[in-house]
Amino acid sequence: MEKTLKVINALKENKVIEDYAIGGAIAALYYVEPLLTYDLDIFFITVEEGLDVLHPIYNHLKKSGYKTHKEHVLIEGVPVQFIPVYNELIKEAVKTAPIMKYGKTKTKVIGVEYLVAIMIQTFRPKDRERAIKMIEEATIDLKLLRKILKKYNLYEIFEKFRSR
Amino acid sequence: MKNRVNAIEKLRRIKSLRRKELAKLPFETKIEVLVKLQKMAQGIKRKGGEGIKTVWQIEMKES
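Going down the list, the sequences are from chains R and H. Residue numbers for the first sequence follow my numbering, beginning at -9 and rising by one. Residue numbers for the second sequence follow my numbering, beginning at 20 and rising by one.
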């Protein structure tokens, strides 16, 4: 996966994207016990706004010989899904994501508190399931989580969910 | 009955502790476990089949 991350980092270095952070199940896996998933979700901030924000990424990767399969790009053996930040919560999550190392390669993983907030916002069955795992297994700064949830009007949903 | 409840509670606590220990594994190790899980799940037939469900072709001990 280190090779995959190097390719994604090159997108940022070449100003194809402004910033990115790992999200979804792989970000969850960073904080909890290993869970089954098949793709690497990359939340990214675009350099320029436009109708087809994925085009520059796909174009750049295509030139490097990487193939697309439906909504994924297969990068060094890993199916990667690029997701533009589609609301303020996710944008803030990407901007504030902590830098960590995978092998010798630097990358960003969405912070655990933001990840829980995104799960509460998305609230699909698999998000609810993962949110429970995160709360049970990960070390969470509850003060920060509360602050994020209140900022994005998610606190009540979270409290109702937690009291179940 | 009380003994059975206690045993279940003990088991639940042990499983919870185990999950917390696994959560502390290095990221690289977790990715290796993930690829093993993907290989194990290969043999299980799924309904629907939406999305990509392939085993990651990555080097396991990258540096």
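Simulated from the structure, these hints should not be mistaken for laboratory data. No experiment lies behind these values; they were computed from the predicted model shown. Some hints could be false.
Below, in silico cross-link-like pairs of lysine-lysine (DSS-like), each with a Cα-Cα straight-line distance of 30 Å or less [what the hints assert, rightly or not]:
1) R/K96 to H/K21
2) H/K21 to R/K116
3) H/K21 to R/K123
4) H/K39 to R/K150
5) H/K21 to R/K94
6) H/K29 to R/K96
7) R/K123 to H/K58
8) R/K57 to H/K21
9) H/K72 to R/K52
10) H/K58 to R/K150
11) H/K29 to R/K(-4)
Residues of chain R clear of chain H, computed beta-carbon distances all greater than 10 Å [unchecked claim]:
12) N4
13) E23
14) P24
15) P46
Built from N, CA and C at the ideal position, the CB exists for glycine as well.
Structure-based check of all given hints:
1. R/K96 to H/K21: The hint is violated at about 52 Å.
2. H/K21 to R/K116: violated, 34 Å
3. H/K21 to R/K123: holds, 28 Å
4. H/K39 to R/K150: Measuring from Cα to Cα gives roughly 25 Å; hence the hint holds.
5. H/K21 to R/K94: Violated: H/K21 and R/K94 sit about 53 Å apart, past 30 Å.
6. H/K29 to R/K96: Roughly 40 Å between the alpha carbons, so the hint for H/K29 and R/K96 is violated.
7. R/K123 to H/K58: holds, 23 Å
8. R/K57 to H/K21: With a Cα-Cα distance of about 59 Å, the restraint between R/K57 and H/K21 is violated, given a limit of 30 Å.
9. H/K72 to R/K52: holds, 22 Å
10. H/K58 to R/K150: Distance ~38 Å between H/K58 and R/K150 Cα, so the pair is violated.
11. H/K29 to R/K(-4): violated, 45 Å
12. N4: Answer for R/N4: holds, closest chain H Cβ roughly 23 Å.
13. E23: violated, 4 Å
14. P24: It is violated; R/P24 is separated from chain H by about 4 Å at its closest Cβ, not greater than 10 Å.
15. P46: Non-interface label stands for R/P46: nearest chain H Cβ at 22 Å, farther than 10 Å.
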